[in-house]
Amino acid sequence: DTAVSQTPKYLVTQMGNDKSIKCEQNLGHDTMYWYKQDSKKFLKIMFSYNNKELIINETVPNRFSPKSPDKAHLNLHINSLELGDSAVYFCASSGQADTQYFGPGTRLTVL
Amino acid sequence: KQEVTQIPAALSVPEGENLVLNCSFTDSAIYNLQWFRQDPGKGLTSLLLIQSSQREQTSGRLNASLDKSSGRSTLYIAASQPGDSATYLCAAGAGSYQLTFGKGTKLSVIP
Numbered sequence: 081d082t083a084v085s086q087t088p089k090y091l092v093t094q095m096g097n098d099k100s101i102k103c104e105q106n107l108g109h110d111t112m113y114w115y116k117q118d119s120k121k122f123l124k125i126m127f128s129y130n131n132k133e134l135i136i137n138e139t140v141p142n143r144f145s146p147k148s149p150d151k152a153h154l155n156l157h158i159n160s161l162e163l164g165d166s167a168v169y170f171c172a173s174s175g176q177a178d179t180q181y182f183g184p185g186t187r188l189t190v191l
Numbered sequence: 198k199q200e201v202t203q204i205p206a207a208l209s210v211p212e213g214e215n216l217v218l219n220c221s222f223t224d225s226a227i228y229n230l231q232w233f234r235q236d237p238g239k240g241l242t243s244l245l246l247i248q249s250s251q252r253e254q255t256s257g258r259l260n261a262s263l264d265k266s267s268g269r270s271t272l273y274i275a276a277s278q279p280g281d282s283a284t285y286l287c288a289a290g291a292g293s294y295q296l297t298f299g300k301g302t303k304l305s306v307i308p
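Going line by line, the protein sequences match chains L and W.
Each number in the numbering used here comes from the position in the first sequence (counting from 1) with 80 added on.
Each number in the numbering used here comes from the position in the second sequence (counting from 1) with 197 added on.
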């Protein structure tokens with residue numbers, strides 16, 4: 081009965097590869113997010129989707145492309161991975177009450 | 198551009214003490230203010246959310262206050278326990294569901 085789930089939990093890959101991280105929420109929320117937490121633990125929003133529409137797109141390289149096939153899913157695809165992409169990526173969702181619920185995170189390591 | 202600062206960066210207290218964590222934000226035009234807890238290697242857990250029209254929220258041993266005019270929020274933890282040890286993050290909510298996070302306060306409660 082996990083509220084927000086992400087797969088995979090760990091992702092180790094070589095520079096230049098393309099990878100995807102999947103996120104699913106079973107809370108019936110309309111809004112989903114992707115955050116990046118860097119090595120200094122600073123958490124910053126990357127994207128926000130409301131009812132499958134992009135509403136926030138912070139200064140993120142266009143190598144990062146979010147895709148929302150339906151309201152319960154928001155996947156993150158990353159092309160041409162770079163060393164600086166190594167971080168923990170969190171998915172989150174929120175409903176009418178505004179409280180954001182976070183997934184467990186995906187630790188991405190680019191070698 | 199909103200900036201959120203949390204002081205101190207780390208705090209160590211003996212079990213049973215009451216403590217206060219501080220959060221300040223530069224733009225008072227916030228939609229809400231949220232406090233989260235992050236355990237090592239885990240995602241974020243929402244603790245309290247204060248809407249911009251509210252002054253405080255309480256949940257069990259936790260009490261969060263909000264003073265928009267001065268750009269400050271505090272999280273008060275009563276009768277601290279070792280299980281409270283974690284990193285506490287403050288986030289200022291703006292329109293379009295966007296949260297701006299502080300860098301967190303790492304709390305250690307010593308038995």
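Hints in this document: simulated from the structure, not taken from any laboratory.
C-beta: ideal position from N, C-alpha, C; glycine also.
Heads up, a few of these hints could be off.
Said to hold, decoys possible - Computed footprint of chain W on chain L, listed as stretches where at least three residues anywhere in the stretch have a Cβ under 8 Å from a Cβ of chain W:
(1) 95–107
(2) 110–122
(3) 148–158
Unchecked claim - One-sided and incomplete, this derived list gives chain W residues near chain L with beta-carbon spacing under 8 Å:
(4) Ala226
(5) Gly240
(6) Leu241
(7) Ser243
(8) Leu246
(9) Ser250
(10) Arg252
(11) Leu286
(12) Tyr294
(13) Gln295
(14) Leu296
(15) Phe298
(16) Lys300
(17) Ser305
(18) Pro308
Cross-check of the supplied hints:
With a cut-off of 8 Å between beta carbons, the region 95–107 of chain L has 0 residues touching chain W; three or more are needed, and the interface restraint is violated. Figure legend: the region 110–122 of chain L, annotated as covered by chain W; annotation consistent (5 residues with Cβ-Cβ distances under 8 Å, at least 3 required). With 0 residues having a Cβ less than 8 Å from any Cβ of chain W, the region 148–158 of chain L misses the three-residue criterion, and the hint is violated. Taken as an interface hint, W:Ala226 does not check out: its beta carbon lies about 16 Å from the nearest beta carbon of chain L, beyond 8 Å.
For W:Gly240, the suggested interface contact is upheld, since its CB lies about 4 Å from the closest CB of chain L, less than 8 Å. The criterion of a C-beta within 8 Å of any C-beta in chain L is met by W:Leu241, whose closest approach is roughly 4 Å, and the hint holds. The beta carbon of W:Ser243 comes within 5 Å of a beta carbon in chain L, closer than 8 Å, and the hint placing it at the interface holds. At a threshold of 8 Å, the smallest CB-CB gap from W:Leu246 to chain L is about 5 Å, leaving the interface hint in force.
Taken as an interface hint, W:Ser250 does not check out: its beta carbon lies about 13 Å from the nearest beta carbon of chain L, beyond 8 Å. The restraint placing W:Arg252 at the interface with chain L is violated, with a minimum CB-CB distance near 17 Å, outside the 8 Å limit. Proximity of W:Leu286 to chain L holds as hinted, the smallest CB-CB distance being about 7 Å (cut-off 8 Å). Below 8 Å, beta-carbon pairs count as interface contacts, and W:Tyr294 has one with chain L at about 5 Å; its hint therefore holds.
A cut of 8 Å between beta carbons decides the hint on W:Gln295: the least distance to chain L is about 6 Å, and the hint holds. Because the beta carbon of W:Leu296 sits about 6 Å from the nearest beta carbon in chain L, less than 8 Å, this interface hint is met. Among the interface hints, the one on W:Phe298 holds; its C-beta lies about 4 Å from the nearest C-beta in chain L, closer than the 8 Å criterion. The beta carbon of W:Lys300 is positioned within 8 Å of a beta carbon in chain L (closest approach about 6 Å), and the interface hint is therefore held.
Evaluation of the W:Ser305 hint against chain L yields a violated restraint, the C-beta minimum of about 15 Å exceeding 8 Å. Of the supplied interface hints, the one on W:Pro308 is violated, with its beta-carbon coming no nearer than about 25 Å to a beta-carbon of chain L, more than 8 Å.
This entry does not satisfy hints 1, 3, 4, 9, 10, 17, 18, going by the numbered hints stated previously.
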